[in-house]
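Colleague: Chain residues, written in single-letter form:
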Amino acid sequence: MKKTKAEMQAMIKTLKGLRTENMYLNDFFHTWKESDDEISAVFEVAEILRAMRENNISVKVFDSGLGISVFRDNSTRTRFSFASACNLLGLEVQDLDEKVSQIAHGETVRETANMVSFMADVIGIRDDMYIGKGHTYMKTVSEAVQEGYNDGVLEQRPTLVNLQCDIDHPTQTMADFLHLINYFGGVENLKGKKVAMTWAYSPSYGKPLSVPQGVIGLFTRFGMDVVLAHPEGYDVMGEVEEIAKKNAEKSGGSYRKVATMEEAFKDADIVYPKSWAPFAVMEERTKLVEEGKFDELKDLEKRCLENNAKFKNWTCTEELMKTTKDGKALYMHCLPADITGLSCKEGEVDQSVFDRYLVPLYKQASYKPYIIAAMIFLAKFKDPAGKLTELLEAARPRIK
Amino acid sequence: MKKTKAEMQAMIKTLKGLRTENMYLNDFFHTWKESDDEISAVFEVAEILRAMRENNISVKVFDSGLGISVFRDNSTRTRFSFASACNLLGLEVQDLDEKVSQIAHGETVRETANMVSFMADVIGIRDDMYIGKGHTYMKTVSEAVQEGYNDGVLEQRPTLVNLQCDIDHPTQTMADFLHLINYFGGVENLKGKKVAMTWAYSPSYGKPLSVPQGVIGLFTRFGMDVVLAHPEGYDVMGEVEEIAKKNAEKSGGSYRKVATMEEAFKDADIVYPKSWAPFAVMEERTKLVEEGKFDELKDLEKRCLENNAKFKNWTCTEELMKTTKDGKALYMHCLPADITGLSCKEGEVDQSVFDRYLVPLYKQASYKPYIIAAMIFLAKFKDPAGKLTELLEAARPRIK
Amino acid sequence: MKKTKAEMQAMIKTLKGLRTENMYLNDFFHTWKESDDEISAVFEVAEILRAMRENNISVKVFDSGLGISVFRDNSTRTRFSFASACNLLGLEVQDLDEKVSQIAHGETVRETANMVSFMADVIGIRDDMYIGKGHTYMKTVSEAVQEGYNDGVLEQRPTLVNLQCDIDHPTQTMADFLHLINYFGGVENLKGKKVAMTWAYSPSYGKPLSVPQGVIGLFTRFGMDVVLAHPEGYDVMGEVEEIAKKNAEKSGGSYRKVATMEEAFKDADIVYPKSWAPFAVMEERTKLVEEGKFDELKDLEKRCLENNAKFKNWTCTEELMKTTKDGKALYMHCLPADITGLSCKEGEVDQSVFDRYLVPLYKQASYKPYIIAAMIFLAKFKDPAGKLTELLEAARPRIK
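Residue numbers (this note's numbering), protein chains in the order written: chain A, 1 to 400; chain B, 1 to 400; chain C, 1 to 400.
For reference, chain A alone in the conformation it holds in the complex (with noise of 0.2 Å):
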């Protein structure tokens, strides 16, 4: 299955082909701030960086240097992604240890993204628990930063990798997209391909949106039926509808919202069934939090898993997946699943189906260090084919 130096060289005269320009010194936000060039370039680079590490060719283009991680919510798997994403290039890891489920403000930000950068090639930051927030967040140590360079502060400008954010989780999504890739044997198979992002009863509260919002902002770009569905109120953040409408339209896909997950599931050649918060519950959640209302939220939490409990029903059965094309659409999931009689009495999936998929299931997840590395890759080189060739032909061997 490795791939030969042959393929690896036509793999770099693709990606020379794609303009990525725009991305060198820059920042990885939402996957629609990104042109299609540069949504291409990551899957290219991330197949590439892939292809050698499997030929255990040497990736290591930094000698030296931090990334930092900032994790504001619990992660194992994003967490161990950039740690591999940054070791597979040459960068140490050092985690910035700020209090979990604490909003950050402003001038403490921009103080503490300097102090922490003087040796930073890259920051990765999760920051998904508050609406409004996270992004904002991030915006905020991106500027900072830059006035930092700009000031002479900083010998480099640290490039920002959004791990999840309050509106997208886009090494998460593109990640399951180039796992679609792989999957249906090239981009081009998955034109007309129906997809159902659908909710999904947990037993958990408080699941962020971006898992879904990063689906349907970015799956319609590559012309694919992309179907939304959830119970009343568990609405997503209009402004990314919006989004995903208007790709759909450009790309020659669709994009439109259903009332059941019957209906979603439908003929379906892929599902995605998770569990997500209302938003009205999410925004409502950072006021508390914010005005440190704590027993408001004990009763906030209460009163959501009262509402998700009506919706139990929305499950990922074996009968719904019968349901799908030919009964074997393919079933993704970020992980870990909320997984009926195996992690909880009641949850977003049959065990029975979780299991037929389990091997899809961590190869979806076994992009995303490479997603992560080709973020980085693109935002430190200004000719990333060049570099790339060169790394090929040195061959130096990561195992000696």
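One thing to keep in mind: the hints can contain errors.
Same chains, same label: a pair holds when it works inside one copy or across any pair of copies.
Below, in silico cross-link-like pairs of lysine-lysine (DSBU-like), each with a Cα-Cα straight-line distance of 30 Å or less [claimed, not checked]:
no., residue 1, residue 2
1, K312, K325
2, K302, K345
3, K139, K400
4, K33, K400
Simulated from the structure, these hints should not be mistaken for lab results.
Go by the hints and put chains B and C onto chain A.
Modeller: This is chains B and C only, laid out in the frame that chain A set:
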């Protein structure tokens, strides 16, 4: 004291004569699952790596790659030993911070094992707290990453190193034994030496059995007279005692159990007095943790401490030391020790005894990073002698 | 702004003229224990390392090796500075997580120091909370690893870098001073400049004395007029004042104490207003912690805060700034500052003053990683000028 190049070449030649092919891409669980050649190879590689480092010769064989550590019990020295070993070879440690004092369950373990391993070359695990659980957990991780590799999820199969389970503590006991080899001037000089592995009183409760088990399971392979002593009820696992007996028979040594510390120490060349919990208590404890019966756990702890207190006379005093061979047996401990009058009122050893053996104790500990590095090295290189020769010839400086 | 090769060669030439042989394999405790040549060498090496990094020239002199960090007090900026310095030189940071707010005791310290140092090239320690303890702790660690090295336990003796103790904060004050050298265009321009190190009100309690002590102990060496001001009872250590006096005499500068902030600020070229705890309070606090008297500790805190509150007028206002030299003295702070109206109601400095000096403040901080790297470099290379010439000639790229 630095080894010359000729000496290192001689050691590599010895290594060349040992069959290590089964270690390649394999895990290290228990010393008794490894052949005599394999055990000797670990000692040999550890000594060669140490000699090369002392000569400022780099043994960095990984250009990038992660060493995942999972400490399900607190640890300072094993943590630093693992980090040192990984760093020496070129791997960066990423700690998987699982909640301490929780028993891990199947599916989650399998998923997490894959999720953290996309770029992992090694996984080091310490899980020694629950009888019947630690080794099982490691096996589950090992099988999960093997499946992941077979299924094309992982590009490389990370090698597992047991950093202490409920049954064995191979990196400790092999460091202990390499210390003996050096202290007595060669493994051949250990034949016929009497070693007393004895229980000793400590004011704490629930110390793992893996050190005494590991010691009797390993030291009996070299023709030594291994004696185990403990108060009634503090038995170690019967299976391991069986292994010790068979080892002793095969190696021309002996294994026996005696009823008192006095008998064990009598004419001993080496003494290893150390506290551990009764097997039955550890079993009950595991059950209570699983069932979430925390009140009964406290009860168990209280009863156990009361029982321990009956055996406060099981302590390594100056008087007892006088009864050993020429009054100067080598005192061993895996550290930290409970030192009477220093770290506790009454403990495992008199302060004057402990202090007299401070240098050998520290040296004993100093072998652990090299033992771990050797285990990794042998799992990663099919021709370890060839690779070491290459490194020796290249002689790239560690400090440039 | 990047230095040219010729400029870097000139700096290396200057370094060559300085006697640094006593720094080789030695520790860095207090600036006043270092000769003038040694202090100059730290500044010179810091500037050279910075210039080389700015020119994308790798200064990675370690192929592997650990930098152990011990933070017995919370820290973000010093933590990242140490990590950056280690990474720049090729060392991987491993944090020894000792319980914060505990006073370390002899035997355990000696054992742990050796146990974590088998492959450690550097140990960086911050222990600033307890008067009479921090420096003592560092000395114990230093002696323990020296003994370990002498006894053959350790193959290399890790060098100790004081990242802040109860007496001095050399990495901070040397970064501060390197900032002054650059800000005023050369150390020779600092002669005769008036610097006001003054106490300032903060709503927090128990800030260490090591910054004011470090400042008067260092800045007096360069012919400056150093003035210390604080409310009654907020004296710094008498020994350090003695050092300041002697330094001033030798350097042709002056050291004096004045009773008010106003007097200190008058015509000052540089002001450094900062809160600290009274020495006597810090002594009492240490005693109470040692005795485990936590109720009395709370009492002490309360009394101390009440006393602080009497001096709320000790704050760096715009009005005060106007009284400085030409109304534009350089404002300095080690960060984070307590900013009136921003981070607290009443604090050390007006927000408008702080904001006006944001860029110089960040630049001030930016020197710390290089100061730390320089201290390590000088402790590890007998001929630092030769080694730097080698690195400059090789000019291996940091980002390839």
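Colleague: Now, for every hint given, state plainly whether the structure supports it.
Modeller: Each hint, compared with the structure:
When the C-alpha separation of K312 and K325 is checked against a cutoff of 30 Å, the pair qualifies only within one copy, where the shortest distance is 24 Å, while the shortest distance between copies is 72 Å. Taking the shortest Cα distances, K302 and K345 sit within 30 Å of each other inside one copy (18 Å), while across copies they are farther apart (36 Å). Within a single copy, K139 and K400 get their C-alpha atoms only as close as 41 Å, which misses the 30 Å cut-off; across copies the closest is 29 Å, which meets it. With identical chains, the CA atoms of K33 and K400 are at most 30 Å apart between copies only, with a shortest distance of 29 Å across copies and 40 Å within one.
Every hint from the earlier list agrees with this structure, and none is contradicted.
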